[in-house]
Amino acid sequence: APAAKKDKTPTGRTQLRFATDWRAQGEHGGFYQALATGEYAKRGLDVQIIQGGPNVSIPTLLSNNAVEMGMGSNDFVVLNMALEKRPVKTVAAFFQKDVQVLIAHPDVGIKTIADMKGHPMLLSGESRTGIWVWLKAKYGFTDDQLRPYNFSTGPFLADKSVVQQGYLSSEPYTIEKEAGLKPAVFLLADNGYPSYGTMAMASQAFIDKSPDAVRAFVEASAIGWKSYLHDDTKAADALIMKDNPEMTPDLLAHARQLMRDYGIVESGDAAKGGVGVMTDARWEAFFQMASGQGVYPKDLDYKAAYTLEFLPKAPA
Amino acid sequence: MTIASLKDVEVEYGKRGRAVGPFSLSLEAGEIVALVGPSGCGKSTALRLLAGLEGPTRGTVTRAAGRGETSLVFQAPTLAPWLSATDNVALPLELAGMASKEARDQARAALGRVGLAGAEAARPAQLSGGMAMRVSLARALVTSPRLLLLDEPFAALDEITRRTLADDVLALWQETRPTILFVTHNVEEAVYMAQRVVAMTPGPGVLAGERVVTGPLPRPHGFRTTEGFRATAEQVSDLLATGRAAA
Amino acid sequence: MTIASLKDVEVEYGKRGRAVGPFSLSLEAGEIVALVGPSGCGKSTALRLLAGLEGPTRGTVTRAAGRGETSLVFQAPTLAPWLSATDNVALPLELAGMASKEARDQARAALGRVGLAGAEAARPAQLSGGMAMRVSLARALVTSPRLLLLDEPFAALDEITRRTLADDVLALWQETRPTILFVTHNVEEAVYMAQRVVAMTPGPGVLAGERVVTGPLPRPHGFRTTEGFRATAEQVSDLLATGRAAA
Amino acid sequence: MRRIVDQVAPILLLALLIGGWEAACRLMDIKPYFLPAPSAIWTEAIKDAPLLALSAWGTLSRAFIALVVASLISGLLALAVSLSGILERAVRPLVVTLQVTPIIAIAPIVQIWAGVAHPERAVISLAAIVAFFPIFSGALTGMKAADPDLERLFRLYGASRWQTLTRLRIPSSIPFVLEGHKVAAGLALVGAVIAEFAAAGGGVIGLAWRIQESLFRLQVAKAFAALLILGIMGAAVYALLGLAERRILAWWRGR
Amino acid sequence: MRRIVDQVAPILLLALLIGGWEAACRLMDIKPYFLPAPSAIWTEAIKDAPLLALSAWGTLSRAFIALVVASLISGLLALAVSLSGILERAVRPLVVTLQVTPIIAIAPIVQIWAGVAHPERAVISLAAIVAFFPIFSGALTGMKAADPDLERLFRLYGASRWQTLTRLRIPSSIPFVLEGHKVAAGLALVGAVIAEFAAAGGGVIGLAWRIQESLFRLQVAKAFAALLILGIMGAAVYALLGLAERRILAWWRGR
Ligand SMILES: Nc1ncnc2c1ncn2[C@@H]1O[C@H](COP(=O)(O)OP(=O)(O)OP(=O)(O)O)[C@@H](O)[C@H]1O
Ligand SMILES: Nc1ncnc2c1ncn2[C@@H]1O[C@H](COP(=O)(O)OP(=O)(O)OP(=O)(O)O)[C@@H](O)[C@H]1O
Ligand SMILES: [Mg+2]
Ligand SMILES: [Mg+2]
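Top line first, the protein sequences correspond to chains G, E, Y, D and V. Residues 3 to 318 in this note's numbering are what the first sequence spells out, letter by letter. Residues 4 to 250 in this note's numbering are what the second sequence spells out, letter by letter. Residues 4 to 250 in this note's numbering are what the third sequence spells out, letter by letter. Residues 10 to 264 in this note's numbering are what the fourth sequence spells out, letter by letter. Residues 10 to 264 in this note's numbering are what the fifth sequence spells out, letter by letter.
Hints are not guaranteed to be accurate.
[What the hints assert, rightly or not] Within a straight-line C-alpha distance of at most 25 angstroms, the following computed DSS-like cross-link-like pairs (lysine-lysine) qualify:
(1) K40/V to K184/G
(2) K179/G to K56/V
(3) K300/G to K56/D
(4) K140/G to K162/G
(5) K44/G to K244/G
No wet-lab data here; the hints were simulated from the structure.
Chain G extracted, bound-state conformation (with noise of 0.2 angstroms):
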């Protein structure tokens, strides 16, 4: 595996690579932000923005030193690699609430989410293995109503009994611009999913090699999130855009501006322990949901999937 032979790149910085969950995005902006402000290069990073996919897996990358750093899209992605042992920590969790939504046409007669019992629901593989395993805990859901999503939201508007996933920013936004349709969306964390989002993962490997690298990007993310939220943006969006030219200065606006009123950064134990902050009461909420769906067994070590050795400081 061509693991990062030479750590220091010719800059006389430790390189960094960190892989993210998808195509750059509004959602990824602290991370672009303190690139474009320099906040990583300050603390002696050279950090390399990795974009992902729909069919990228992070933590194969991360298991197998391709990568320094990755991102955790939800708890579930971490605890899979304590389930398989591999040696892989989260470090920081930048979302407080995950951003996965439910969405179902407004005029179909559901208001909660326990209304879309028994409507087909679009799911990607993925979140069959995540999400779902707390929406058929919590509200009883049965598998015949799982039905494919692929990140297209055709089938939803073809019929209206349909349910589907989303990102808080993206489908939700899309639907309302491209078919005319203001669909009904339930934020999955404000219906008590417990699980954190956007969370900074690290090899084994890189923890050991350079403990200073890890904390220094996490101290650097905490600050580029807070900055990408309140202050100026324009060279972290322009560097979003270069990545991906089918993003618009539009829909990275709206991003930010429902990552601010939903409190996803902010909110929560941050607001006390600054952004990035994880607690153990948070991640045994979760294992206990999980394992209590046998997604896990009782006895699993979940502890070994994270460590809040590097999380910065509490603001005073």
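Dock chains E, Y, D and V with the ligands against the given chain G, drawing on the hints supplied.
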């Protein structure tokens, strides 16, 4: 009435230069003409031109026999490997719209006439060279064509089979009076079967000359030993020899 | 010394029953044998057995000529369509390890000998039937084989070319004394070229008889008109006729 | 004796290969998530056997239907097209376009057409699209590979277009059509799996879900076990088709 | 005159088809996100032309490299394999397994082997895997399609295995190998796109991204514009290969 004719035709194949001609040949209704000439002079090409399978580079080709009225025996058997001997022979009949059962009956009869009773079910790959050629001949004869073009039909056959088939073709001619042009390397065969023997020169073949064969058709017993037969054969051989010498 | 022999061989092809035999034939070193018989009697099959291309259903085949010492002319030309005439003829030489340039020079010479100077660059598809057969013959002769098996090599050729090539083969024999077995339908050719003529019966062919041809080899001028020649040819024709009658 | 060697040797070779793989995994301490060892894959395959068998059967049966559909449609289209040069020139680019269309891209649309309630229909349609082209192209190439002299004979005998087609071109195309099917069978199988990835929800039981779920759960050996089953099915289908090809060609050549 | 009709008629037919599609979309008021009208697709294609051209070029060049790689490797493997019946029986099931392996499933692993910094390598490898099989199978079938009498002659002349291979089997296989390439070219193209879907993430500029991103944003017309480009490239490549095939076969047959 002229059934088919070549007038000053020349054939060129790409950069290999002229292969045949200028050559003229006219076939009158109901006559039997033999075409002889050295290997590579253009006999097969002339046949293909008359059948309309190819066009000449220069010159004109006319043909009065319509589609489905011409039969051809290629120099190689050219059978469909996936069809039995019977089905190969029945093919032209079925193409002309005859019911399969009747066509196959007629095909079997035709195979019997060329001495292949017993090999009806065999595939081309299971036949000897001479047998395949006879299947090809049976296929050409079975449709009772108006114009019959035969390219060395008996070359792969032994003398006895050869003579039997020659008499067979003459008998068939007696019945339906088709126009027959056949290529042969056997001068005696040419003289025995044809009313007229046309000889070509080597190289890009042109007319070396022609001889009319006198005598009744079909040939009476012992025709091959008559003085006239010997003399004509001699003359044709001379035509070929002088044509070759001139080239 | 026996170069190759068939002893009581029989060949059966699947459910079509016995095709050949029981048949025996033995070729002594340096002799020229002609094989004649009606179409479909098994001449080509006998040749294939002797060449070791097929095995007999029953009986034994022996061969003293090793790999690369036997040459064969199939009844059909069997040329590689993607090679020019020269390359087709040079092929056995190159397979035996000769340098390409020399092989092609020899091939061109061999083509000249069979009257194909000028057609060296032509592909098989551009050759007439007789020309293709002559390329095949040149390919068989070019390696100076110990055992030469020829299946109707001259059938597609006109009389003059035929005689020239027959004399050519005899001249070659004079030089290197290969053992030659050739199939022909031309009784006079058989008697002219061979020291011994073997005749087969029709159907599943068995031996109809054989005749030794007396007289010097290569044949003196005018041999075809001698009394001995005529008599032997007559005898062979009779063998064929009685063989046929008996079947 | 010779025969036994011929039968055993390939198996030995395969065993050697697998042994080497296993040894490499153990000696070089290759992490199972980089490349799982054959023994680990085998263990998973045995453990999951009933479920894998069920999934494999689902995929195989859909692939089979897709192959039949592709074979029929491409055969008929090739026929229609070869009756008219104009039609051929119009249809060929469309068919190529279909071949180069990634089924992942059109899965959502096919899903809509097939109806969200019938994912297996969508899977079969998509797999048939993948398997379509080799048969079509083979049939077209084969129909043009007829002996030109036989073709001339047909013209001479006044055969109609239809007669030339059914009695000359179709029989002539058989070797190429068979080759097309050998390629298409594998494509139908892998197409069915990709289509399952793309268009089949939990409602359709197939290998794709086994693979995908294992990959999401980071159980690489389990995913490889499913791939192994897929490979075995593919090899078996190919071997069967190869056998059929030999038989049919022997009949076709008449020996 | 005849020629002009032959040239124009297919275009007319295509135009008719497209016209029908357009009419259907307008008259039946089909929503653009179910099936966009040709005019809408065209508009998008024009609007995005520079970006599309860039993406198309990326995909095409990778597909081309993949085809070349697949052609070389499958050719060499077919050669090696045809020298030994034992090797053939051992390798064939492996190759079929490779053919039926969905590249989506092995994309993560190939990605690591190729190195994340080189997504285009992963894409090319995966596309080559997809394009591999038809050429390999065609070469193998073709090498067995040699004239049996020529084969006997080679044996008679004492030709070695290697000589029989290079001077008889390879030339004999040409028609089948060409057919294999015609199928493989399309597969390389669609394989490149699927590989981009699967392995490229955002780092590689290609049509997959255009398609996926557009579908995700429900801009179906935009996605179809990309598919249109893909189809045009596929048809062009196929036409070119068809031309090459005719030329090469004419040379091969010697007329
Ligand atoms: N397709 C072709 N391309 C190039 N040259 C050709 C082609 N077909 C025939 N020729 C040439 O045309 C000439 C005449 O060929 P043709 O087959 O008519 O001879 P032929 O008189 O029938 O000879 P044979 O008695 O040997 O059959 C030959 O020199 C041959 O090389
Ligand atoms: N592959 C085969 N399958 C079945 N029968 C065959 C096969 N090959 C030859 N035969 C049969 O064997 C017999 C002898 O064939 P062979 O080719 O040896 O005849 P031949 O004497 O050379 O005839 P010709 O003079 O016509 O070439 C024929 O009856 C033929 O039908
Ligand atoms: Mg000829
Ligand atoms: Mg024979």
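Hint-by-hint comparison with the structure:
| no. | hint | result |
| --- | --- | --- |
| 1 | K40/V to K184/G | holds (17 angstroms) |
| 2 | K179/G to K56/V | holds (19 angstroms) |
| 3 | K300/G to K56/D | holds (22 angstroms) |
| 4 | K140/G to K162/G | holds (24 angstroms) |
| 5 | K44/G to K244/G | holds (23 angstroms) |
Checked against the numbered hints above, the structure violates none of them.
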